[in-house]
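Protein chains: 2
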Amino acid sequence: MGTEIERKFLLANDDWRGLAEGKPYCQGYICSGAPGTVRIRIIGENGFLTIKGPTRGLVRAEYEYQIPVADAREILANLCSRPLIEKIRYTMNFAGSIWEIDEFKKENDGLLIAEIELENPHQQFVMPPWVGREVSDDPRYRNSSLVINPYSTWGKK
Amino acid sequence: MGTEIERKFLLANDDWRGLAEGKPYCQGYICSGAPGTVRIRIIGENGFLTIKGPTRGLVRAEYEYQIPVADAREILANLCSRPLIEKIRYTMNFAGSIWEIDEFKKENDGLLIAEIELENPHQQFVMPPWVGREVSDDPRYRNSSLVINPYSTWGKK
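Line order of the protein sequences matches chains A and B.
The numbering of the first sequence is the UniProt record's numbering, which starts it at 1 and goes up by one.
The numbering of the second sequence is the UniProt record's numbering, which starts it at 1 and goes up by one.
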């Protein structure tokens with residue numbers, strides 16, 4: 001089993017900009033929630049299918065497989081809930097840790113999330129100065145939640 | 001896109017027995033229904049992940065990928081709805097067509113289904129003498145339905 005252990009933060013400022021090139025991500029969900037979530041993702045010209053288990057604390061089972069990008073495009077078009085998640089992902093090294101910053105587009109425009117993937121839930125790391133409030137425990141910031149309740153609609157319900 | 005076009009029948013008698021060796025199948029569903037169904041299947045020592053679209057008449061979009069059998073075992077154990085489908089599949093040639101007969105076990109014990117996969121919905125084929133009533137249009141006989149409403153409970157609700 002793959003295991004995903006990650007912490008999520010909002011951004012405190014724009015000082016991270018220019019530190020890395022961004023890559024376009026497009027992803028959607030065939031299903032999300034209990035017992036499992038099935039995600040289709042296209043990064044540039046590569047397609048991936050990912051199965052994730054329920055989140056327990058910061059830890060989540062994860063199984064990822066590369067699939068033909070043509071299949072990924074068809075499945076995103078025909079079998080995933082709307083809206084799809086479109087974002088630019090910036091990957092950068094800070095003090096020996098890999099950080100990913102997602103800049104969301106379309107229905108989630110304006111939302112920025114920084115993530116760090118850890119080896120274990122108690123791992124120490126240096127907090128970059130552009131990282132703000134932690135949102136690891138807030139389910140609204142999950143990508144699968146942003147399909148159901150996009151950022152552009154927050155505070156309007 | 002792969003496309004699945006199949007017709008399903010009950011069995012009229014046991015005359016097909018002895019025509020083919022059976023292989024054990026174990027499968028489960030991470031999700032089923034609209035817009036897509038995600039199935040995990042183990043055949044002998046091989047694992048597969050299959051995404052199917054909604055059924056339109058006899059036709060259904062299908063995307064299948066081989067995955068490590070260890071992953072398939074974990075996903076079946078932790079992320080699939082109960083009960084799992086366990087069956088023996090017998091594959092045989094009759095008059096130039098490939099037929100598959102599924103002999104269900106456990107919660108679906110007693111159920112036998114014969115399937116023929118077609119190139120197009122109007123394809124002609126010779127009906128074997130051991131094939132009985134067609135059930136292509138009856139959603140109760142779908143494997144994903146047999147998880148929710150197993151054969152052993154039919155007529156008891």
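Derived by calculation from the structure, the hints in this document are not laboratory data.
Note that the coordinates shown come from a computational prediction; the quantities given were computed from them, not determined experimentally.
Fair warning: there could be bad hints in the mix.
Since copy identity is lost for identical chains, a pair holds within one copy or between any two.
Within a straight-line C-alpha distance of at most 25 angstroms, the following computed SDA-like cross-link-like pairs (lysine to any residue) qualify [as the list claims (entries may be wrong)]:
1) Lys-106 / Pro-35
2) Lys-8 / Tyr-65
3) Lys-156 / Arg-73
4) Lys-105 / Pro-35
5) Lys-105 / Arg-56
6) Lys-8 / Leu-118
7) Lys-8 / Phe-125
8) Lys-156 / Ile-98
9) Lys-8 / Glu-107
10) Lys-156 / Glu-100
11) Lys-23 / Pro-35
12) Lys-106 / Pro-121
13) Lys-156 / Arg-56
Hint check:
| no. | hint | in the structure |
| --- | --- | --- |
| 1 | Lys-106 / Pro-35 | between (28 angstroms within a copy, 22 angstroms between copies) |
| 2 | Lys-8 / Tyr-65 | within (24 angstroms within a copy, 31 angstroms between copies) |
| 3 | Lys-156 / Arg-73 | neither (32 angstroms within a copy, 44 angstroms between copies) |
| 4 | Lys-105 / Pro-35 | between (28 angstroms within a copy, 24 angstroms between copies) |
| 5 | Lys-105 / Arg-56 | neither (28 angstroms within a copy, 34 angstroms between copies) |
| 6 | Lys-8 / Leu-118 | within (11 angstroms within a copy, 49 angstroms between copies) |
| 7 | Lys-8 / Phe-125 | within (13 angstroms within a copy, 58 angstroms between copies) |
| 8 | Lys-156 / Ile-98 | neither (35 angstroms within a copy, 57 angstroms between copies) |
| 9 | Lys-8 / Glu-107 | within (20 angstroms within a copy, 43 angstroms between copies) |
| 10 | Lys-156 / Glu-100 | neither (29 angstroms within a copy, 54 angstroms between copies) |
| 11 | Lys-23 / Pro-35 | neither (30 angstroms within a copy, 28 angstroms between copies) |
| 12 | Lys-106 / Pro-121 | neither (32 angstroms within a copy, 40 angstroms between copies) |
| 13 | Lys-156 / Arg-56 | neither (30 angstroms within a copy, 38 angstroms between copies) |
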